[in-house]
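Asker: Protein chains in written order, with this note's numbering: chain A, 1 to 236; chain B, 1 to 267.
Check each hint, because a few of them may be wrong.
Unchecked claim - With a straight-line cut-off of 30 Å between C-alpha atoms, the simulated DSS-like cross-links for lysine-lysine are:
| # | chain 1 | residue 1 | chain 2 | residue 2 |
| --- | --- | --- | --- | --- |
| 1 | B | 174 | B | 192 |
| 2 | A | 27 | B | 141 |
| 3 | A | 146 | A | 46 |
| 4 | B | 175 | B | 65 |
| 5 | A | 46 | B | 144 |
| 6 | A | 48 | B | 144 |
| 7 | A | 146 | A | 48 |
| 8 | A | 150 | B | 192 |
| 9 | B | 236 | B | 141 |
| 10 | B | 39 | B | 65 |
| 11 | B | 183 | A | 155 |
| 12 | B | 235 | B | 253 |
| 13 | B | 141 | A | 46 |
| 14 | B | 174 | A | 155 |
| 15 | A | 46 | A | 27 |
| 16 | A | 27 | B | 253 |
| 17 | A | 155 | B | 192 |
| 18 | B | 144 | B | 253 |
| 19 | A | 27 | B | 39 |
| 20 | A | 146 | B | 192 |
| 21 | B | 39 | B | 253 |
| 22 | A | 48 | B | 141 |
| 23 | B | 141 | B | 235 |
| 24 | B | 175 | A | 155 |
| 25 | B | 236 | B | 144 |
| 26 | A | 27 | B | 144 |
| 27 | B | 236 | B | 253 |
| 28 | B | 235 | B | 144 |
| 29 | B | 175 | B | 192 |
Hint data in this document are derived by calculation from the structure and do not stem from the laboratory. Small disclaimer: the values here were computed from a predicted structure and weren't measured.
The chain contents come next:
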Amino acid sequence: MDRGLVAAFLFLGGVFMHIPDGFLEAKTWLTTAAVSTGILGYSVMKTKQELNDRQIPKLGVMAAFIFAAQMINFPVVGGTSGHLLGAALATILLGPWSASLVLATVLIIQCLVFQDGGLTALGANILNMAIIGTFVAQVVYRPLSKLLSKLTSRKWPVALASFIASWLSVVVASGAAAVELALSNRIPLEVGLPAMLGVHALIGIGEGVITAAVVLAVWQVGFSPSRLEKGGAYSE
Amino acid sequence: MSFLEKLPTVGGWITTVEPRVKVVAIFIFVMIATTLHNKTILGAAFLLLLGSSLVVGISLVYILKRVVFILPFGGLMLLLLPFVTPGDPLFTLHLGRLELAATYEGWEAALLPGLRMITAFLGMVLLAATTTLPEILHALKHLKVPRILIVLMEFTVRYLVVVLDELSRMQTAKKARAFAAGKNLWHWHTIKTLGSTLAILFLRSYDRAERVYLAMLARGYDGNLPCCGHCQNLKKDDLCWGVGVITMAGVFKFFDMGGQQWISLLK
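Working from the sequences, and respecting the hints, build out all of it.
Answerer: See the structure below:
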């Protein structure tokens, strides 16, 4: 128990899921890199179906937006601040396939330019944030917002569904990072998993609140993601 | 945004090495460095990279500034490992009622990934400081990375400046209206303002994306970006440098797997 406490305490200083080089064994990073490459390849295919191949410039601008959104600090508690991961935000606004491509792009640039996240850990980082993060957000957001909108007025279901989706996406992604570290025999799962999940359950609240605020504001303007799809107002 | 500039952070001969060679050589070096087990050899690789970084003109301040990015995860993991690995106690920390025992095994377990992390990190710094991002992307394009990802990254980099400018104008506007951020997450006014800032930023980026796309269509964009056309030839010097770096990594790996014993067997 003490060890779990210590872990949580130390992690609280400011944890992001950008795993650096050196923490993952070769078998782990090779596997995660292969899995990420495969799924990203599938995302590219799906994006081409949903969007037009020529609309890649649009995704680029959206990736720049997510990049900028990650740079905005929000206050957490007592003067400390956190920043967005953006997986759920991108998924809700752009759809899961485009979102995973956009986030992978951001992660690759962060790795190559800022050394934020390691080269060998890139596959794992993409898997955690760009793939698992967006997948969880997608699986939770759509049904939940539909279900909730049957119960109450128009505004709150969207906010609540985005909060839950982004909170879960952060927590599950951090759990995946803990599993990868455990598979590399770095930190035992029974210590790492509760610590990562515990801390990110707190960090996720910030992510959730901000995501909900953004989605709500976008929603109130009358934006709908369907405009991005093929056959939408701007598709040609 | 310094990383978007046309010129790399440092000058000198190394910036003229063909980016393709640099990318391949340093990627291989970094990958091999993260598989080393012997701490002495890792230390040697670290010193070699640190030495060459300083020689090519990367300042220590620049390196230290970059270290900040790996500290949240890497630093904390290293602090954590000695305390969570069971084994012989090394020293004990007293935090009020809490007694923390750092173990000898834990310290050993933290040192190895720590050395690997900093070595790989220096390798990536060496690449990033001597090569601009457009050069790296251009190199990756020739190395058969899917075109769609490269184009996506090129656009991201180009429009990041525009989006960040937009953001800073919005921050100025907020300041001009005497907005002060609250200290907590439950400061509703702050959250609402940040939320609407990001929402407006998204909508403006989205609109801009539409306009950019239409403008590009008008100029004959068909999904392909032409290459510069003068990048087919690799110079011999550059190739030698690349082979040298990879050989160095190979030598480290050789000794790491117990190579010196094999040499003595040959005698």
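Asker: Run every hint past the structure and note whether it holds.
Answerer: Results for each hint:
1. A hinted pair counts as satisfied when its Cα atoms are at most 30 Å apart, and residue 174 of chain B with residue 192 of chain B qualifies at roughly 13 Å.
2. Distance restraint check for residue 27 of chain A and residue 141 of chain B: the Cα-Cα separation of roughly 27 Å lies within the 30 Å cut-off, and the hinted pair is therefore satisfied.
3. Pair hint residue 146 of chain A plus residue 46 of chain A holds up; C-alpha atoms about 23 Å apart against a cutoff of 30 Å.
4. For a cut-off of 30 Å, the pair hint linking residue 175 of chain B to residue 65 of chain B stands: about 28 Å separates their Cα positions.
5. Using a Cα cut-off of 30 Å, the hinted pair residue 46 of chain A and residue 144 of chain B holds, with the two alpha carbons roughly 21 Å apart.
6. At most 30 Å may separate the alpha-carbon atoms for a hinted pair to count; residue 48 of chain A and residue 144 of chain B meet this at roughly 19 Å.
7. A C-alpha spacing of about 27 Å is found between residue 146 of chain A and residue 48 of chain A, which places the hinted pair at or below 30 Å, so the restraint holds.
8. A C-alpha spacing of about 25 Å is found between residue 150 of chain A and residue 192 of chain B, which places the hinted pair at or below 30 Å, so the restraint holds.
9. Restraint check for residue 236 of chain B and residue 141 of chain B: satisfied, since their Cα atoms lie roughly 21 Å apart, inside the 30 Å limit.
10. Restraint check for residue 39 of chain B and residue 65 of chain B: satisfied, since their Cα atoms lie roughly 25 Å apart, inside the 30 Å limit.
11. Between the alpha carbons of residue 183 of chain B and residue 155 of chain A the distance comes to roughly 27 Å, so the proposed pair stays at or under 30 Å and holds.
12. For the hint pairing residue 235 of chain B with residue 253 of chain B, the CA-to-CA distance comes to about 27 Å; that is within 30 Å, so the pair holds.
13. The hinted pair formed by residue 141 of chain B and residue 46 of chain A meets the criterion: a straight-line CA distance of about 22 Å does not exceed 30 Å.
14. Between residue 174 of chain B and residue 155 of chain A the alpha-carbon distance is near 25 Å, which keeps this suggested pair within the 30 Å criterion.
15. Our distance criterion of 30 Å between C-alpha atoms is met by residue 46 of chain A and residue 27 of chain A, whose separation comes to about 29 Å.
16. For the hint pairing residue 27 of chain A with residue 253 of chain B, the CA-to-CA distance comes to about 17 Å; that is within 30 Å, so the pair holds.
17. Restraint check for residue 155 of chain A and residue 192 of chain B: satisfied, since their Cα atoms lie roughly 14 Å apart, inside the 30 Å limit.
18. A C-alpha spacing of about 27 Å is found between residue 144 of chain B and residue 253 of chain B, which places the hinted pair at or below 30 Å, so the restraint holds.
19. A hinted pair counts as satisfied when its Cα atoms are at most 30 Å apart, and residue 27 of chain A with residue 39 of chain B qualifies at roughly 20 Å.
20. Distance hint between residue 146 of chain A and residue 192 of chain B is fulfilled; the C-alpha atoms sit about 24 Å from each other, no more than 30 Å.
21. With a C-alpha separation of about 12 Å, the suggested pair residue 39 of chain B and residue 253 of chain B falls inside the 30 Å cut-off, and the hint holds.
22. Taken as a hint, the residue 48 of chain A and residue 141 of chain B pair is honoured in the structure, with Cα atoms around 19 Å apart against an allowance of 30 Å.
23. Among the hinted pairs, residue 141 of chain B with residue 235 of chain B is consistent with the structure: their alpha-carbon atoms are about 18 Å apart, no more than 30 Å.
24. A threshold of 30 Å between alpha carbons decides the hint, and for residue 175 of chain B with residue 155 of chain A the separation of about 29 Å falls inside it, so the pair holds.
25. Note on residue 236 of chain B and residue 144 of chain B: the hinted pairing holds, with a Cα-Cα distance of about 22 Å set against a maximum of 30 Å.
26. Of the supplied pair hints, the one linking residue 27 of chain A and residue 144 of chain B holds, its CA atoms being roughly 24 Å apart against a limit of 30 Å.
27. Restraint check: the Cα-Cα separation between residue 236 of chain B and residue 253 of chain B comes to about 26 Å, which is no more than 30 Å; the hinted pair holds.
28. A C-alpha spacing of about 20 Å is found between residue 235 of chain B and residue 144 of chain B, which places the hinted pair at or below 30 Å, so the restraint holds.
29. For the given pair, residue 175 of chain B sits about 15 Å from residue 192 of chain B by alpha-carbon distance, which is consistent with the 30 Å threshold.
Of the numbered hints stated above, none is contradicted by the structure.
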